[in-house]
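Novice: Each chain, written out:
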Amino acid sequence: MFAIDRHAWANRWRDRHPGERLLLAGGGLLILSLLPVFTTAPLILLVMTIATVAGAGIPVRDLLAFMAIPVGFLLTGAPFLAVSLDLNDGIRLAFSPAGAMTALEVTLRSLAALSCLALLALTTPVVELVALLRRLGVPSAIVEIMLLIYRLIFLFMEQAITGQHAQAARQGYSTFGRSLRSLGQLVATLLQRALQRARRLETGLAARGFEGELRVLSPVHALSWPRLLRIGVLLGAVSLLALRLDRWLG
Amino acid sequence: MSDPILLAEGLEYAYPDAVMALQGLNLRVQPGRRLALLGANGSGKTTLLLHLNGTLRPARGQVRLDGQILGYDRAARLAWRSRVGLVLQDPEDQLFSATVAQDVSFGPLNQGLSDAEARTRVDEALASLRIAHLAGRPTHALSFGQKKRVAIAGILAMRPAVVILDEPTAGLDPHGVAHLLGALRHLQDSGTTLVFSTHDVDLAYAWADDIAILGAGRVLRQGTAVEALADSNLLGSAHLRTPTILALATALRDSGDLEWSDAQPPRTQGELVELIRQRSVHARN
Amino acid sequence: MSDPILLAEGLEYAYPDAVMALQGLNLRVQPGRRLALLGANGSGKTTLLLHLNGTLRPARGQVRLDGQILGYDRAARLAWRSRVGLVLQDPEDQLFSATVAQDVSFGPLNQGLSDAEARTRVDEALASLRIAHLAGRPTHALSFGQKKRVAIAGILAMRPAVVILDEPTAGLDPHGVAHLLGALRHLQDSGTTLVFSTHDVDLAYAWADDIAILGAGRVLRQGTAVEALADSNLLGSAHLRTPTILALATALRDSGDLEWSDAQPPRTQGELVELIRQRSVHARN
Amino acid sequence: MHIMEGFLPPIHAAAWTAVAVPFLVVGARRVVTLTREQPQTRLLLASAGAFAFVLSALKIPSVTGSCSHPTGTGLGAILFGPSVMAVLGAIVLLFQALLLAHGGLTTLGANIVAMAVVGPWVAYGVFRLTRSLGGALTIAVFLAAMLGDLATYLMTSIQLALAFPDPTSGILGALTKFGGVFALTQIPLAVIEGLLTVIVVNLLTQY
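If you're matching them up, the sequences are chains A, B, C and D in order.
Number 205 in the working numbering belongs to position 205 of the first sequence; there are no gaps in the numbering.
Number 183 in the working numbering belongs to position 183 of the second sequence; there are no gaps in the numbering.
Number 11 in the working numbering belongs to position 11 of the third sequence; there are no gaps in the numbering.
Number 207 in the working numbering belongs to position 207 of the fourth sequence; there are no gaps in the numbering.
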């Protein structure tokens, strides 16, 4: 249903411990936050893209598809930063060199951060990341709810799409007013079906001994210390290079 | 052979998660006939149906309605759907209103008909499916079989020339199936073209005029019901099987017990039993 | 007749909206056999199944497991569900976890098994349904037939003595049905008692050892498959029909073409074809 | 309109995360209590959360012909209360980032504050206030959903203004700039969301 999810379950790193990718992407985001953007961002973008495409084997086309929507947001949002608004003398818009610098900085940082997000999202099933939250002290009830939400999303999504198809087949979206009405009916129906599903799931799980907790076996992915070390070295090298370039550029 | 009312040419379609659903599919729907799309789970039946009423747009290929290539702008889709109605498999997916009459009026009102006209259409559609007595009932209190019929009525009320049904008999008990097929036959008698998908080979053999066998996103064979089901190897490769009545009739012919022509094999339990009875009467005389 | 493993006595049950679902129902389940609960939509099949594993509590009557009347406190229900597993019709109602192996581990962990034991149970259950290759796959990406099998594996992993299945073949294509029945036969060979509900008379006749015919919240008749299906009037009043193979075999016997004893009528297409072949060989000799 | 990954300066991203945390902790405590009292609440809340995600993926028709997405903030706050919505909203935002690339991880805190805290609390407050003043259910629902929606976008504008003050006119100027753009596009959408929520609640009470 979601292209991102499909890759997350089927990429070259599928059987590796999610902590490794979390370190790579999270470390990338961290040094991006701490070090000078103009030299760090291009390096992060480069490293993450290579890791995603050459490492995890995600097709370039799909990586670009991932970036497309947020980049669209960036292209419409960033120019606003380059424009200044003068309120003293009526309302006057003007190009601002300082604003343009900010816009460039934001664009670079966003692209680099996006590449980190892409690496993580395209290579790691959401549920494996959620399972890590338990270790961070998130209550198990919350984690269980998150895992259930993940499962139910696909179910409800399909119902929503099918429901819209059914309404479209009966001209439910022929005018604006009818579209609104159809959508309202769809949402109300989906909500009721969602609540029904919760009740039926309760019966189904009761048959399997459900007493409140949703305990399941966790997948066994061994954490590879050599790989963690290599990721650490890579991030360190990126940091050093970024700092060196920054000093060199003055 | 008359001109097809619907024609699918070289349809290709992949879902957003890259699952290829249709891979160069060709299909012709003859006006006024019952066409079964017979295929195993995952063979692309539902995806094809969604193309036939313009819900999904093929990556390659095209659909023709009355010979015209169909467009996908809003106006074209609206006109298309007034001619081609689609009933989905699960009635829960298509009933949105509190009462039966309200729900059935959804399509006609969306077509821009007046309240009075819509009311006439609702009465007509409910009557033709013999569920006029359900009009005032709340939809959520209906039985599964009733919901199925109400969902069909919702499409009929738009008076489409072609009605497409996804697995219309799925989940119905023998009584419910007989009831539904009776209503559909009545519909065909009034000139409506019927297309339905199923994985039930016995149903397709007993009930369809024409059959298209689907496998892996293609139509593997299309012809009259008898022609399409003749090749048991093809059926096996499509994860299907020979219909029970056809298999037994063939065994009885092979054993010399029965005679029937390839053009008119027995297609229902009733026909086969009748054939057996006639033969024994002959034998006795 | 051996002692029943499950026994329902005089069950009465009404849903909160006052629909009477069971009205004094009696049923006996013999150990090690396949029992089909055959009934039309709305005959009370699912409600009965939910009583057999203690999910619903009858207003009157009782359920015995191994001769013991069952209680409804927490401990009793847990013990009950460890002995009697229930597989619902819609696998989506029973699968909640992201991956197959995780999902199947839920029951064993609830039974208090260690992680290592649970892992063994998971492997075993997946292997017995021939879906070991699915272990690491995300649940939501499975086909319908695969989901059905995973839902069954989730119950098998708890090693119940009785497995109850609600409409196990609903929605499956011929290939999927054959696959599932093969897996269930394998399960029965290892000593598990099987109870399944269906409205498919052909399936019940071909596949069940015993059949209980349900109508209006009662068991109208229970006996071996052949006994239970002998009365076509009863079947008609229960909104069912005579199985195709039985009807044809009877017609062929009436016409003098075939001979078979009431104790062992042909029950599958294969058996009937074989009978026809043998007879024609005899006739030729 | 989620703030995308990396858009906010790191200090701002961290600060908004710090603001979001207390609301999440309180909401999480509430969820834990609810699930302890009634274990099945897990399934109910999960269904509500998944529903909210799906709602945000549905396209709503807009007058201009372009599409936007219902936030469901008002509906959720009315049905489940704002503290639980903070948790469900946060989960939905995390899943949107990871499954749809909407929003991001560094901007998660800021988005939670706008969409899962401010929106629901405003919606809930408006709903209670209107009801206590004797307003009809329909009016209360409409105002709650519409103002909850607007509050979300206003909060997002404030977050952007604080992060990117205008070189000439400062934070106020930036707020005018971002707020002005949002006002043009979001006021009609907020009205639509209000209407939609009214339709939904009417249908729900009808059954």
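The hints are simulated quantities; they were obtained by calculation from the structure and are not laboratory data.
Take the hints with a grain of salt, since some may be wrong.
[Said to hold, decoys possible] Computed list of lysine to aspartate or glutamate pairs in DMTMM-like fashion (alpha-carbon distance at most 25 Å, straight line): (1) Lys59(D) - Glu158(A); (2) Lys59(D) - Asp62(A); (3) Lys59(D) - Asp254(B); (4) Lys59(D) - Glu9(B).
Novice: Of the hints stated earlier, which fail here?
Specialist: 3, 4
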